[in-house]
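Those letters in the sequence shown? Residues -23 to -1, 1 to 734, by mature numbering (1 follows the signal peptide of the UniProt record, and there is no 0).
Treat the hints loosely; a few may be bogus.
What the hints assert, rightly or not - Okay, derived cross-link-like pairs now, DSBU-like style, lysine-lysine, Cα gap no bigger than 35 Å in a straight line:
hint, residue 1, residue 2
1, 590, 562
2, 189, 233
3, 189, 42
4, 523, 590
5, 170, 297
6, 170, 293
7, 642, 180
8, 630, 233
9, 630, 214
10, 567, 486
As the list claims (entries may be wrong) - Derived DEER-like restraints, expressed as beta-carbon distance ranges:
hint, residue 1, residue 2, range
11, 578, 691, 26 to 32 Å
12, 249, 184, 26 to 32 Å
13, 453, 246, 41 to 47 Å
Bear in mind the hints are in silico, worked out from the structure with no lab data behind them. Positions of the beta carbon are idealized from the N, C-alpha and C atoms, including for glycine.
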Amino acid sequence: MKLQLSPVARVLIPVLLPLIAWAENNQTLTLEFEELDIIAQKQSMERQGYSRSGAVSSISISEDKRMQSLDSVVRALAGSYTNINPTQGTVSINIRGESGFGRVNTMVDGVPQAFYGTSANSDGKYHSEENGYGPTSQFGTMISPDFLVGADIVRGYASGAGGVNGLMGHANLRTFDVDDVLINDHQVGILSKWQYGTNQIGKGGMLTLAGKTSILSQGEVGALLGYSAKTIGANYKTGSGVRLSENMAVKKLEQKPTAYLAKLEFSPNPQHQFLIGYNQFDNNVGGREIDNRASQLKYQYSPATPLLNISFLAAKTQSKQRFNEDSLIWLLEKGRTQNETRYLNLQNIAIISLLDTQTSFTLGASMFDNRYEKSAVGIDQDNLEHTTFSPEGTQKLQSIYAESEVKKGIVLFNSGLTYTVGEVRGFKSACRTYLVESGKRIFSQNCVPTGEGVMRLHSSALNGVAMLTLEINDGFKPFVSYSQNTRVPNVQEVFFNNESASSMNPFLKPEEVATWQWGFNSRKENVLQEGDFLGLKVVGYQARIKNYIHSVSFYLLNDGGLTRNIHGDLAPAAFHAQMNVNAIKPVTNKGIEVSVHYDSKNTFASMTYSYQKTNHHYNASSTTGTGFGTISVTELPRDYATLDVGGRALNKKLTFGGIAKYTGKFRRYSPEGLTVEEQDLLQDVPSMPIIFDIYAHYQLNDHILLKATVQNVTNRNYIDALNALNSTQSQHIDDSKFSYTNAARGRTYLLGTEIRF
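Between the sequences and the hints, there should be enough to build the whole structure, so can you do that?
Below, the structure written as structure tokens:
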């Protein structure tokens, strides 16, 4: 697959290259520029979020010693959540009730992730009950949490490279750099983690080695190599004391993921910085092997002029699935998939300070090339064409973006424009004929063109953002913002093939969202005692999504037309197409998000609360009955909150605390699946109890940290919201009643340690 520069990049490069040459010859620029405000003391990631306007969350994952899962860490943030699917082995970030590639732009070190996973039938390797379920599919990111240093999540504001094709927002997961491993200016460092948990949490560990040394007269070279491995069981006890193998839920979803991380950093002088990175992830879960290979090259040029700060990123990611010999995808066997992406991003940041006005201007261009391929063996050609298994095709995105930040006095104004050209391309087979009442065979009228061929959807959009902040004082900084963004349809939506060509929709339009946000930041130091910190962020929002893409059921009429009415003049042919369409009425999401954080020498507390209301559309193809498990419920609980309170003792060597997790009303797809009657596909889940965790960690010396955690300390029986297995047919009993047996872990004990030199 050959990459080509977008027309935008062809314009940017000739502009930037002469500037580089000019900067090299003008290192002693004499123009006077005011220095930007720099915070001398290093702030925690949590504190930084209270200094930034808008719905922004920054978390330090490596500094979180509470041994919470990555899902729990993300769910503790306001407006952010995850979709859990134990058969996938990935993390799927949800922002304000939307998830998946394009609706949330999830990145690893700035590189978009587009892996689309599909698990095998549950009656294969990992489940033997009769009432199992069919395959489930979900977009997700393969990454070891042990290698993550932090994450930045932006909600409802589509700006810069991260905002491209990110309808509701974007999340960037950041991995270790060399300096994250080294301590006290050492040239060589070791960071290791070990953890053991009862109740099938299992054991796991990570070891990372790093080194850095000076070269040339002003340069540095550094490298790191890390390895991570875990063993995770699924036959755990719930809060009711029942092991999952004793009921109709998932059984033996055991995982043994392994991961590698390698980086080489090189700076011949302070103006030039190079980084070569590679990460690898392997697992076997859901009846198939999954692996991810990602490599990237970064370059940054920072001369002694504020007009230039050029960065370039080139990356390639390859993700594969190979189904086990005893695994089936419906009736398909020997399944294999491959997703390959290539990404380029080039940008420059210029800073100007004149007449008491500070201005930052960013100009950049990006290109994303995304390809899905598959192979499988069916019992016949008809079976192969009618089984919706990992649709094939390509998706290309080319963008140019510009951002600016202008500050004068108490007024801070941010704005940006993004122009994106998108293309989705794939093969549509020839339309099939169907038997009608007269005995004739006719085409379905929606199947156009009738012949086979390569279909191409082309779109372009100009989007903009603006945010006004009044920095009245540290205690009150109100802001208001408007953001407009577009999402190009995915390959999986356009070329969905449960009725072969008749369920494909090559006429899908891009989704469009307009988001208003308003709120304020408040941060104060020395509130109750010297050196303490209090932060408060309140955000209200309303998002209106046009052309929302969702799947609906269609049946064939005798005249060849389609209907959603099962009681219409239907043809005798067995035809039930689940097709993705654009909604006629807009989808509206609105809500409020609150974050509070207090930190002092001996005590700390943080609380987040989120509330959302939506008129979401749902997917016929998402059920695991007569649907295809394409994506689980993404609608957030009506409200949810996390409270973390603790203290420090023994000269701050001992830290202890407790976490309370509240989940409000939420829903699941009906385990009965889609019936032939039009009905509400969703079902309310009974109220869940508040879940409590307690934790402590002790800094034995400069090199050794000991950790202990008790999760679900009160041993309550509960179900995780947005878990795909809440909706399987194992939750449907013969008398048409429903069960809620997909319970989470009961009381679980964890011990861990960190060693670094």
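- Task: Hint by hint, work out which the structure violates, then give me just those numbers in ascending order.
- Result: Result: no hint breaks.
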